[in-house]
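There are 2 protein chains.
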Amino acid sequence: MSKGEQTRQRIVARAAPVFNTHGYSGTSMSELTKATGLEKGGIYNHFPSKEALALAAFDYAVELISQRFAAALEGQVGAAQRLRTIVQVFADYLDNPPVPGGCPLLNTAVEVDDSDSPLRERARAAMTDLQRLIGATVKHGIASGELRPDADPREVAAIFTAMQEGAIMLGRLYGDPTPMRYTVAHLNRIIDSLVCAHP
Amino acid sequence: MSKGEQTRQRIVARAAPVFNTHGYSGTSMSELTKATGLEKGGIYNHFPSKEALALAAFDYAVELISQRFAAALEGQVGAAQRLRTIVQVFADYLDNPPVPGGCPLLNTAVEVDDSDSPLRERARAAMTDLQRLIGATVKHGIASGELRPDADPREVAAIFTAMQEGAIMLGRLYGDPTPMRYTVAHLNRIIDSLVCAHP
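Those protein sequence lines, which keep their order, are chains A and B.
Using the working numbering, read the first sequence as starting at 1 and increasing by one per residue.
Using the working numbering, read the second sequence as starting at 200 and increasing by one per residue.
Bear in mind the hints are in silico, worked out from the structure with no lab data behind them.
Each hint should be verified, as a subset may be incorrect.
[What the hints assert, rightly or not] No farther apart than 27 angstroms at their CA atoms in a straight line, the calculated lysine-lysine pairs in the DSS-like style are these:
no., chain 1, residue 1, chain 2, residue 2
1, A, Lys50, A, Lys34
2, A, Lys50, A, Lys3
3, B, Lys202, B, Lys249
4, B, Lys249, B, Lys239
5, A, Lys50, B, Lys233
6, B, Lys202, A, Lys50
7, A, Lys34, A, Lys3
8, B, Lys249, A, Lys34
9, A, Lys40, A, Lys3
Excised from the complex, chain A in its bound form (with noise of 0.2 angstroms):
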């Protein structure tokens, strides 16, 4: 990797967290020279606007939330199994999240919800991926016989969406993970009920 490729990937990473924390519009050329390091000549060599840095640094946080579910996943076997491990993947953002300041996702989806912008699109490329992970699973467990086959997979990926991205932001406002443990549960329990009774 050249000096100028890690200087790149560098501003990307110290760059993310402040954006995730105070949103895009809310994050300042000053705070990005003061997590960075940087000038703002120096950040600009890299990036042509703030708008490509949060691009980018958007792109870093779906790579680091990707990186997290197929470790989770690896050598998990079994549908249901794949679905609580999924669940925990998220109950972990509360303590544990990919980048510092909660759901990437949840934060840029609803800052960017009312205008067509780039980090829009992303945001709908990566709650789809998401979603198509949690549907497919389901899928496959229909198809391998686990689970029922009148299960609907883009019900399950909307439903179990909707709620751990609800529950983390509930968890947050209030710095209690009491709501992210009743949606565990209820999901956990949805997840039992989708199991064929193989009697």
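Position chain B against the provided structure of chain A, taking the given hints into account.
Chain B only, in chain A's frame:
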């Protein structure tokens, strides 16, 4: 109402959609002067700071939400019916938010969850009131014998709130009502499951 008080209320009503759409840190004084039709000095005549106006705008949004729930619940008898009404009030946010820009509680909670600020206190209080409305409805239903005695009012309140705020986020991100439709159906099934079976 004095002319000054009328002007103050007009500023708040016009500022609330701006804050709810762009966020508190994303809203500039020039956007506020444009929305209110006043000069900066005219706004500062009534509010000592942008933050003071933001607090008043949040309180105004919460008041509109309270009125909406009160109007929908008027004359609704029975805990299950009242819970279904609460679910539907939330579902209507997508097409018809209490203030343009989505759910003010969700937007504010996500924006301010990293800092201790008066706005975070307000967002917590409003989210708690909302959960108390749900929890009290469950409690009354248990007391009247309509709902199962093992229903947990706090759990129901947290799950309903997390799921509907998450569904509002998804619905607005995609401009698609499907996640909210799944959510409404799921929450109505939960309500059905809370009702005592009377053989």
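Quick rundown of the hints versus the structure:
{"no.": "1", "hint": "Lys50(A) <-> Lys34(A)", "in the structure": "14 angstroms, holds"}
{"no.": "2", "hint": "Lys50(A) <-> Lys3(A)", "in the structure": "21 angstroms, holds"}
{"no.": "3", "hint": "Lys202(B) <-> Lys249(B)", "in the structure": "21 angstroms, holds"}
{"no.": "4", "hint": "Lys249(B) <-> Lys239(B)", "in the structure": "10 angstroms, holds"}
{"no.": "5", "hint": "Lys50(A) <-> Lys233(B)", "in the structure": "25 angstroms, holds"}
{"no.": "6", "hint": "Lys202(B) <-> Lys50(A)", "in the structure": "43 angstroms, violated"}
{"no.": "7", "hint": "Lys34(A) <-> Lys3(A)", "in the structure": "21 angstroms, holds"}
{"no.": "8", "hint": "Lys249(B) <-> Lys34(A)", "in the structure": "25 angstroms, holds"}
{"no.": "9", "hint": "Lys40(A) <-> Lys3(A)", "in the structure": "18 angstroms, holds"}
Checked against the numbered hints listed earlier, the structure breaks hint 6 alone; every other hint is satisfied.
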